[in-house]
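With the hints in hand, could you dock these two chains into one complex?
Each protein sequence line maps, in turn, to chains A and B.
FYI, in my numbering the residues of the first sequence are 1 to 194.
FYI, in my numbering the residues of the second sequence are 1 to 240.
It is possible that some hints are incorrect.
[Stated by the list, open to error] In silico negatives: residues of chain B with every beta carbon more than 12 Å from chain A:
1) His68
2) Gln75
3) Arg76
4) Thr80
5) Asn121
6) Leu184
7) Pro195
8) Gln213
9) Glu215
[What the hints assert, rightly or not] Keeping only pairs whose Cα atoms sit at most 25 Å apart, straight-line, the calculated DMTMM-like set for lysine to aspartate or glutamate is:
10) Lys35(B) <-> Glu188(A)
11) Lys198(B) <-> Asp182(B)
12) Lys35(B) <-> Glu158(A)
13) Lys35(B) <-> Asp193(A)
14) Lys34(B) <-> Glu63(A)
15) Lys35(B) <-> Asp180(A)
16) Lys35(B) <-> Asp160(A)
17) Lys34(B) <-> Glu158(A)
[Claimed, not checked] A few chain B residues that face chain A, going by a derived Cβ cut-off under 10 Å, partial list only:
18) Pro13
19) Leu20
20) Leu40
21) Pro90
22) Leu118
23) Ile139
24) Asp182
No lab work stands behind these hints, which were simulated from the structure alone.
Remember, it's a predicted structure, so these values are computed and weren't measured experimentally.
For each residue, glycine too, the CB sits at the ideal point set by N, CA and C.
Chain residues, written in single-letter form:
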Amino acid sequence: MSELITPSQTVGPFFAMRLPWPDGPFVVPEGTPGAITIVGRVFDGAGNPIPDALIETWQADPEGRFAHPDDPRGASASGYRSFRGFGRCPTSPDGSYRIVTLKPGPLPCPGDEGGTEAPHLDVSVFARGLLDRVVTRMYFPDETEANAADPVLSSLPEPDRRATLIAVPDPASGRVLQFDIWVQGDRETVFFDV
Amino acid sequence: MTAEVPIPSYGRPRGVHPPLDFSGYRSTGLRHPKKPLVLLPQRLTEVTGPLLGEELITPTDSDLTMQHGGEPQGQRIILTGRVLDSDGRPVPDTLIEIWQTNAAGRYRHSREHHPAPLDPNFTGVGRAITDSGGNYRFITIQPGAYPWGNHYNAWRPAHIHFSLFGRAFTQRLVTQMYFPGDPLQPLDPIFNSVPDPKARERMIAQFDIGLTQPEWALGYRWDIALRGRDATVFEDEEDE
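Extracted from the complex, chain B is given alone in its bound form (with noise of 0.2 Å):
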């Protein structure tokens, strides 16, 4: 029947995402598989996906700043960019998941012992949905740095992280968003468990002072390349 119908496929980066198996980043050692993974070929599950949309939001979900009743400390930055594929074509309707540190470096979390204050007008928690164009914006302050027991004197960069899902099971991506300039990042095994340096660069946000909005706000920006589908894809019917 129908099912004759192709399906499309999504390329398997090669060189891209970092090893499982990472000695510098110790938690790895007892959590990466040691058999080679098993080559799944795409078949129906794997070309699908959960479509979540507009009914996890709420107005607030994209302005970290606005989710209690005062402004939370630290500098305002206007986050924003596109979610595409690999071939540059926007994904629209995505659900985007964000969390991160307040400015002093400190998770809203029972597990974090970073003793940095808390500030009670600041979780670093945000949801937005990808327009048409697959636009995303939030707005949030400044992440900060913070220390961490991976080896002597380690320190995390400031970053963001970042949870996709794409149209398709094999577009799901979780990342992190780092900030241009910061000292930080040649130190990082988790930045630099990425082996190609161009890679690296992808996850780096541009400071853009176009997006800046004066006496309020910094602007940085941050594109997000998924998956893409491949060229044998039977293409008669519209992506959007």
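Just chain A, with the same shape it has in the complex (with noise of 0.2 Å):
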């Protein structure tokens, strides 16, 4: 019935008079225990970085539950009250955004599929020059197994490309991860038809 669908529009330039939140980019609160710290920038097809995109970010708690109502195990007994699983930053003029939040658990696949997804962030991109948005992962580089065990990974029309979904680590904090994100160009982010 995708004749009924209203047609994506880009978010524009003036986005960030409404789209930002004070506290966007808090997945949970800083100061969190066991919070880590997601930085990255945006780059666009000439290497420049792009100073207006929104990148938001959505994802499983540490047990890889969702306190959603189509999770079918439903939300983790433990509650998590504070996360919030979702996270929002506009891109600063260097092109950069900070999430701050907790690692997610592993995620067991629906139905007869069986296996186990690798913990992960859904991530989307809004930009002007963005008709639509588009959509990439983010995965841990501390999850080797879990990682070469994960369909999506594992899976990819072009292995060489899969860097490019892999956060790296920060030499000088365990609890900071980096994630850039190349929208064109010889380092082209893998993007998901979703």
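Here it is in structure tokens:
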């Protein structure tokens, strides 16, 4: 019934009037025990930073669950009351963004498929010049075994681009991960048709 | 364990959304992926999504004419409609965020250089949550057209930006709502980036005299349809 769907249009240059929220980058409040920080920059096809993009993240909680009626297992018993699952951050003039969150747990694949998805975040990029959002995923560098078994990472049509989906650990801090996004170019990030 | 219970899936619309590479809109040039998108099977992360609700909303969020000490300049309008999925089912309790120019075609934004006046009584941002029937309602003023640098004598038709979450990551939508009878629409590359003329029509609100309030405001109606759940859904759970 796609003949009824409302088409996408670009978020344009002025979304910053409405879409950024003061607490948007904080999936959990800063200082939450166990919190990690994801930092990154967004680049265009000429290698220049994109200063007017909006990054959104969506992810499971540390037990790999979602507080959502379509997760058949239901929310985690432990609650994670301050955990929203959702992060939103506009890029700065240098193309950078920052999200404070908890590392998600691994997720069971639904239905008859079996197997497990490695911990990941779904990441949307909106920007002036993007007529629809583009979607990628961020995986974790310390999950070598889980990443190797992940049904998405292990079935990429171009395996040599897999590294674009895996965050880079910050040598200075075990709690900081870097995830740059290249919208176009030699280092183009893998984007998904969801 | 229970993860073997089937989860919903959301159909992938074809031919509805604009292509990411659209030469008429110059800014797409360096900002579209050149490699093909990789099909992502929908699993738990994709069929769930943030359910953001009432805690974000204050009473004046949906009345853009009441956010300052006085009333803004311009034509007052009532803008209402329903958020549906592509099967016509209402999407309840979902957050809508909007932003727009003032009556003179000026955004309140630091990077806006159009030499039209700002209105001290109009910010141009709003939020609403759909009710149990998927209904939303804003009171605002008619936005203006404004020039932009895409090509010589380029003007954006009047529009209001809409951002919607739906109930799942796959339903997320950012779009623009246009007004009927605007002569700039046929000239606008962003509006015309949508390939199907019928799909373009779905971005245009309808004037509604029944919604119009005498001596006060014009009424416009605009329904928004997000992606729907596929028929293969496990249907024993109530949607509402």
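**Prompt:** Pro195(B) clear of chain A by more than 12 Å, beta carbon to beta carbon?
**Reply:** 9 Å, violated
**Request:** With a cut-off of 25 Å on the C-alpha distance, tell me whether Lys34(B) and Glu158(A) pass.
**Result:** Holds - the C-alpha atoms of Glu158(A) and Lys34(B) are around 14 Å apart, at most 25 Å.
**Least C-beta distance from Glu215(B) to chain A larger than 12 Å** = 30 Å, holds
**Prompt:** For Gln213(B), is the shortest beta carbon distance to chain A beyond 12 Å?
**Reply:** 26 Å, holds
**Message:** Quick check for students: does the CB of Gln75(B) sit more than 12 Å from each CB in chain A?
**Reply:** Gln75(B) clear of chain A: closest Cβ-Cβ about 20 Å, beyond 12 Å.
**Message:** Need the status of pair Lys34(B), Glu63(A): alpha-carbon distance at most 25 Å?
**Reply:** Violated, at roughly 36 Å.
**Request:** Could you check if Asp182(B) really has its C-beta closer than 10 Å to a C-beta on chain A?
**Result:** 15 Å, violated
**Hint check, Ile139(B) versus chain A [nearest Cβ-Cβ separation less than 10 Å]** = 16 Å, violated
**Request:** Could you check that no beta carbon of chain A comes within 12 Å of the beta carbon of Arg76(B)?
**Result:** Consistent with the label, Arg76(B) stays out of reach of chain A, its closest Cβ about 20 Å off (over 12 Å).
**Message:** Is the claim that Thr80(B) lies outside the interface with chain A correct, judged by CB distances over 12 Å?
**Reply:** 15 Å, holds
**Asked** Would the stated hint for Leu20(B) survive a check requiring a Cβ distance to chain A of less than 10 Å?
**Response** Given a least distance of 6 Å, the restraint on Leu20(B) holds.
**Message:** Quick check on Pro13(B) please, does its C-beta sit within 10 Å of some C-beta on chain A?
**Reply:** 4 Å, holds
The structure fails hints 7, 14, 21, 22, 23, 24 (numbered hints given earlier, in ascending order).
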